[in-house]
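Engineer: Could you slot chain B onto chain A? The hints should help.
2 protein chains.
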Amino acid sequence: MTQTESAPMLLTPASLLAHWQGHRRLTRRVIEAFPEDQLFSFSVGGMRPFGVLAWEILTISTYLMNALHTDQWGAETMSREPKPQERTALLAEWDALTARLDAELPGTSAALLTTEKDLPFGRQTPTAAAFYMIDNEVHHRGQGYVYLRALGIEPPPFWER
Amino acid sequence: MTQTESAPMLLTPASLLAHWQGHRRLTRRVIEAFPEDQLFSFSVGGMRPFGVLAWEILTISTYLMNALHTDQWGAETMSREPKPQERTALLAEWDALTARLDAELPGTSAALLTTEKDLPFGRQTPTAAAFYMIDNEVHHRGQGYVYLRALGIEPPPFWER
Numbered sequence: 001m002t003q004t005e006s007a008p009m010l011l012t013p014a015s016l017l018a019h020w021q022g023h024r025r026l027t028r029r030v031i032e033a034f035p036e037d038q039l040f041s042f043s044v045g046g047m048r049p050f051g052v053l054a055w056e057i058l059t060i061s062t063y064l065m066n067a068l069h070t071d072q073w074g075a076e077t078m079s080r081e082p083k084p085q086e087r088t089a090l091l092a093e094w095d096a097l098t099a100r101l102d103a104e105l106p107g108t109s110a111a112l113l114t115t116e117k118d119l120p121f122g123r124q125t126p127t128a129a130a131f132y133m134i135d136n137e138v139h140h141r142g143q144g145y146v147y148l149r150a151l152g153i154e155p156p157p158f159w160e161r
Numbered sequence: 162m163t164q165t166e167s168a169p170m171l172l173t174p175a176s177l178l179a180h181w182q183g184h185r186r187l188t189r190r191v192i193e194a195f196p197e198d199q200l201f202s203f204s205v206g207g208m209r210p211f212g213v214l215a216w217e218i219l220t221i222s223t224y225l226m227n228a229l230h231t232d233q234w235g236a237e238t239m240s241r242e243p244k245p246q247e248r249t250a251l252l253a254e255w256d257a258l259t260a261r262l263d264a265e266l267p268g269t270s271a272a273l274l275t276t277e278k279d280l281p282f283g284r285q286t287p288t289a290a291a292f293y294m295i296d297n298e299v300h301h302r303g304q305g306y307v308y309l310r311a312l313g314i315e316p317p318p319f320w321e322r
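If you read the sequences in order, they're chains A and B. Count the first sequence with the working numbering and you get residues 1 to 161, in order. Count the second sequence with the working numbering and you get residues 162 to 322, in order.
Pulled out of the complex, with its shape left as it was, chain A reads as follows (with noise of 0.2 Å):
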C-alpha cells in the first residue's frame, strides 16, 4: 500500500488486486472441497448448487475485467452462455481468470476505477462494482460452507487465503 504523510491510500489498484485475488483462492478451495458428483446437484433450502454460484461469480468478475478494458459496460456485455456442469471446465475458466487479473488489474488507471459508468447494477465507480463482486462471492461462498458442513466435508479456514 503507497502511503505519503499527506495523503496516504486506503486501497491501490494492488492492494485491491491482493484482496481479491485471496477471495478467489479460497473460493477455488471451495470449488475442490465438493465432491464432484454434488458440485452441480447438492443444495439446501432450495438454493442453487455451488457449482451454479460459482460459474455466476465467474460471468460477473469476467464482465468487469472486459469492461474495464473496452469501456462498454452494458448488460448484453455478460455472457449468457450455458455453462458446463463440469468441475474441469469451471477451474480451467477460474486460472484464466486468475492470470488475466494479475495481467490487466494493477495497470488499470485509478481515474477509470474512480469515475462512475453505467453498470447493470446500477450507475456506480468500478472499485465499488469490484467490491460488489467481491461481497457477492465472500456471499455465496460462505453458502458453500453450509453446504459442505451439511455434506459432513469441513471447510477450507476462512483466513487462510
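In case anyone wonders, no lab produced these hints; they're calculated from the structure. Computed from a predicted structure; not experimentally measured. Yeah, the Cβ is synthetic: ideal placement off N, Cα and C, and Gly gets one too. Hints are not guaranteed to be accurate.
[What the hints assert, rightly or not] Footprint (simulated), chain B over chain A, 3 or more residues, beta carbon under 8 Å:
1. 45-57
2. 61-74
3. 139-146
[Said to hold, decoys possible] Partial list, derived from the structure: chain B residues whose beta carbon lies under 7 Å from chain A:
4. P169
5. M208
6. L273
7. T275
8. D296
9. Q304
10. V307
11. R310
Structural biologist: Only chain B this time, still in chain A's reference frame:
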C-alpha cells in the same frame, strides 16, 4: 470519493464507512428476519446459530473501533463476556455501534488507518482489518441466508443496503 487528476483515492474513510454501514444495515435485516425462537437455536450442518454469529460480528467490530480510539490492539481488549441470547439486546448493541461508526470513523486519520498494527489475527493495517471484518460479516450472513431458506423464509435482497 475524493478525486484529483493526479492521484484519485480508490477508498476514503467516508466511503469505507458507507460500505460498512450498508452491509451492517443488511445484516440487521437478516437478524430481524429470523423468528425469535430460531435466532439462537436453528442451524444447518452443526454450525452456530445466526444470533451467535451476529454477536461475534458485533464483538470484533467493536474491538476495532475501541482499538482505533485507544491504540491498544491486544486480544485482551476483545470482549469475552457471555452475550444474552435475545434479539432485543443484540439489536440495541448493534444500533449503538452504528451510531459510533458514524461519529468516529470519518474523522479517523488516513495515516492511522494505513499503519500496520499487531492485531489478534496478525500484523495488518486497520483498513485491512476492517475489510477482514466486513468479509467475515458477509460470509456469516450468507450462512444466515441458507438458514432462512431452510426455514422457508425469503431473505432480504442482497443488493439492498
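Engineer: Taking the earlier hints as the rules, which of them does this structure contradict?
Structural biologist: Going through the list in order, the structure violates hints 2 and 6 and respects the others.
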